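Asks: What follows is each chain in one-letter form.
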Amino acid sequence: MAPLSAAALPSGGGTALVAEGLVCGYAPGQTTIAADLRAGDGTACVIAGRSGSGRTTLALALAGFMPRLTGGWRRGRVALVRREGHALEQAATAPADWLAAVGWSGGSPRAGLTWSRRTVAGELGFGLEQRGVAPAHIAQRTAAMLAAIGLDGLADRDPSTLSDGETARLALGSILVLEPEALVVDDPEAYLDGAGLRDLLQLVEATAADRAVVLLTSRPAALADALPRWFAASRAHVLDVGRVAASGPARSLLAAPDVACYGILPALPASAPASASSRLGGETEACAAMRPNGTADDEGSADPIGDAAGWHASEDVWAALAPEQSTCLLSATGIAVAFGGRPALRGLSVWPEAGAVTGLVGGNGGGKTTLLRAFAGLVVPSEGRVRVGNADPARAERRATARRVALCGSRPEDQVVARTVAGDVAVGLHWVGVPRRAHAPLVAAALSASGLTDHADAHPHDLPASGRRWHAIAAALVLRTPVVLLDEPTVGLDAIGQLRLEAAIHAWRRQGRTVVVASHDLDFVAEVADRVVVLSGGLVRADGPAGDVLADGALLADADLVSPARLALARALGLPLAGAGSRAALWRALGAGPAEEPSPGPRYNSLRPRRSERGNARRDGR
Amino acid sequence: MPLGALLVVAVAAWREGRAVRRAWFRRSLVAIAPIAVGALLMNGLFFPDGQTVLARFGPAAVSAEGLAFAAVVVARLALITGAVVLVAATTGAEELAEGLAEAGLPHPLPAYAPIAGGLLPELRRRASDIADAQRARGLSLRRGGLPNPEAARALVAPLLAAVLDDVEARTRALEARGIGLEGRRTSMVVLEDGPGQRAGRWLIVGASLAALIAARWPR
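Chains as they are written, first to last, in the numbering used here: chain U, 7 to 628; chain S, 12 to 230.
Accuracy of the hints is not assured; some may be wrong.
One side only, chain U facing chain S, incomplete, derived with CB under 8 angstroms [what the hints assert, rightly or not]:
| hint | residue |
| --- | --- |
| 1 | A106 |
| 2 | G133 |
| 3 | P141 |
| 4 | S166 |
| 5 | W357 |
| 6 | E419 |
| 7 | T459 |
| 8 | G553 |
I should point out that these hints are in silico values taken from the structure, not numbers from a laboratory. On a predicted model such as this, the values are computed, not experimentally measured, just so you know. We put the beta carbon where it would ideally sit given N, CA and C, even for glycine.
All chains should be modelled from the sequences, with the hints used to inform the complete structure.
Replies: Structure below.
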């Protein structure tokens with residue numbers, strides 16, 4: 007990418023955020039990110055990168071936190087160039103003044119709150135108080151923002167009682183209400199449902215003409231689904247191993263199937279199939295630009311998932327992890343759960359099909375997580391009953407329940423007790439009473455299935471986000487339970503991690519496991535679920551075959567969900583909307599996918615050059 | 012004297028309504044009961060200068076002087092505990108921060124008061140989440156009706172990591188909101204500090220001084 011001229015005025019908006027020769031890392035001599043970027047042409051600057059690509063480090067550097075709070079080192083220039091030509095240099099500006107001009111939002115939702123106020127409205131107004139805004143204006147602006155982010159009914163709620171999705175809305179809204187000149191948002195799609203993401207992006211879009219906007223994402227497809235028109239008009243960069251590997255219009259760059267070679271699922275266009283097909287077919291130049299270039303290195307990426315030999319484990323590995331018990335029935339009948347007087351589940355009944363995959367979908371706060379916790383015996387319903395086999399999971403002995411039901415929560419770091427990945431995976435075996443001599447082969451199989459074999463001796467906290475998620479899945483797999491519950495499993499997963507998980511879930515189904523997946527990622531649910539249950543307000547709004555439920559746009563909208571573009575395309579082309587291989591079938595129909603039907607699990611190897619091929623390409627000068 | 016002051020505190024708690032009254036009574040009782048029992052046993056049975064022996068149990072003797080001394084100690088502790096619990100139950104952390112700022116504490120120290128106040132509930136919530144995550148992997152928090160010692164390590168290690176992460180995350184969030192900005196600040200927190208409250212505070216200061224002087228006055 008050509009160096010930027012900081013003297014150049016913003017072309018389309020009021021302010022431009024520029025990074026020139028920005029290079030930074032955590033260890034001496036080791037570069038985590040190197041980038042030249044410019045945002046502020048009236049649209050968003052979308053930076054897409056898989057887990058471990060340096061995406062979050064770049065966001066922290068733009069906000070001025072790196073290396074001041076994170077440690078490490080940096081070189082290069084970051085500046086805010088205003089319309090009149092005056093440049094605010096990050097290096098010469100006090101951190102507080104820089105952050106007053108450049109708003110930053112990132113990390114987990116709870117990490118985005120100050121927790122300095124006991125109400126949602128107070129948290130939202132805290133930043134305005136620091137700026138000396140008059141109380142009357144604070145009240146006006148917070149009320150308007152609460153309505154804009156869909157929390158107007160929760161103004162007086164304690165922020166600690168919000169769901170993760172509601173907290174994510176509040177965290178980003180708390181920055182938006184400050185009206186910064188530039189905005190850096192890392193992974194906005196991670197915890198938000200479709201409607202939440204759409205609402206927040208609309209807010210960002212409404213002021214993008216006067217503001218530089220940088221959106222960093224591992225899932226550009228989610229952004230494209232939420233706000234397709236704005237996304238299509240945005241400029242995009244793809245990060246690979248800490249460098250900008252390709253740049254171009256988002257509509258072509260991130261919709262090109264070859265973007266998968268950088269561990270990113272391509273965003274499918276929401277337009278008519280014929281035009282979509284021609285658009286994708288006509289992007290040969292952009293696709294060529296996506297090929298690995300000299301910036302990629304032979305050492306591979308920092309992501310353990312990407313370094314693994316294959317996309318999915320062999321049948322031998324799955325055989326070693328086969329459940330000890332046969333298929334197990336799971337049911338919740340008329341259960342009601344309340345927290346602090348607020349109902350989370352209101353007498354709902356769900357009977358996941360044994361040996362099949364059930365998707366729980368719904369907006370933030372719909373009751374998905376609570377239902378999974380009830381199945382795992384971690385909450386006791388005030389009404390109704392839960393059964394796993396013939397037992398009540400909350401009243402059975404803990405180790406007995408853990409040998410029937412494995413739950414992967416939404417926060418993998420909560421379970422880390424050992425200093426190594428392998429040691430931590432083995433801890434669960436010890437707790438459920440598996441003899442120590444049987445640990446090693448089971449742990450080895452679980453790590454192999456999770457792509458973590460090469461990182462068995464690493465500290466779990468040192469893994470990138472996708473690796474941490476897979477570490478938690480390995481810890482569940484090793485228990486060989488007939489029931490697997492996954493709570494928002496795609497949060498933190500990059501495309502490679504997601505494809506591996508999809509392959510794993512198909513393998514679990516073949517083994518007769520009962521799988522329940524709670525997710526706001528409908529693209530993922532469409533790929534893995536046989537049946538979909540829509541939850542809203544603690545009640546079941548719909549329950550049926552995945553293809554039927556996900557095809558009902560009005561129903562999804564009513565549950566604060568946004569139908570992924572791929573479903574509309576698949577419907578228009580007469581392809582299956584859901585089920586294993588439905589995404590690959592769509593890519594194939596658009597002339598852009600893998601050459602053959604993935605079997606037994608998706609085979610996407612052809613989309614991502616192996617490390618040896620990448621080395622060859624570099625040596626050949628390609 | 013301590014009993015009289017405790018009565019004043021109790022009346023103040025009574026005026027705050029049923030919820031505060033009950034919380035005040037319960038929390039004060041939980042805090043003071045073990046200390047009170049200990050003080051009564053130690054001073055009642057082993058008071059060194061006890062002349063009026065009421066009962067004797069081998070080497071231990073219950074004396075009237077010991078019981079009187081224990082009663083004074085318990086009354087003083089009850090007064091301190093009751094006052095602290097009442098302040099905690101009726102003073103919001105935000106109001107405390109605002110009051111500290113108005114009293115002249117330099118920024119950003121007052122802003123950390125509500126954050127510090129919220130740390131304990133947040134830790135409790137995280138500990139609960141961590142316990143659930145470990146229970147899902149088969150950890151029993153109790154074994155044979157007693158706390159499982161193995162559970163302590165399984166809960167403490169992730170909790171410590173969470174605290175460290177939390178500190179960094181809160182620092183970033185506070186900086187992103189502008190806590191380090193120079194200049195005038197405003198607040199949506201309204202302090203209810205009328206003439207009655209101000210007069211009450213001066214009255215307490217005056218009464219305390221009078222009590223001190225009375226206690227030191229030669230008889």
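Asks: All the hints need checking, so say for each whether the structure fits it.
Replies: Results of checking the hints against the structure:
| no. | hint | verdict |
| --- | --- | --- |
| 1 | A106 | holds, 5 angstroms |
| 2 | G133 | holds, 4 angstroms |
| 3 | P141 | holds, 5 angstroms |
| 4 | S166 | holds, 6 angstroms |
| 5 | W357 | violated, 21 angstroms |
| 6 | E419 | holds, 6 angstroms |
| 7 | T459 | violated, 21 angstroms |
| 8 | G553 | violated, 31 angstroms |
Hint compliance for this structure: hints 5, 7, 8 are not met, and every other hint is.
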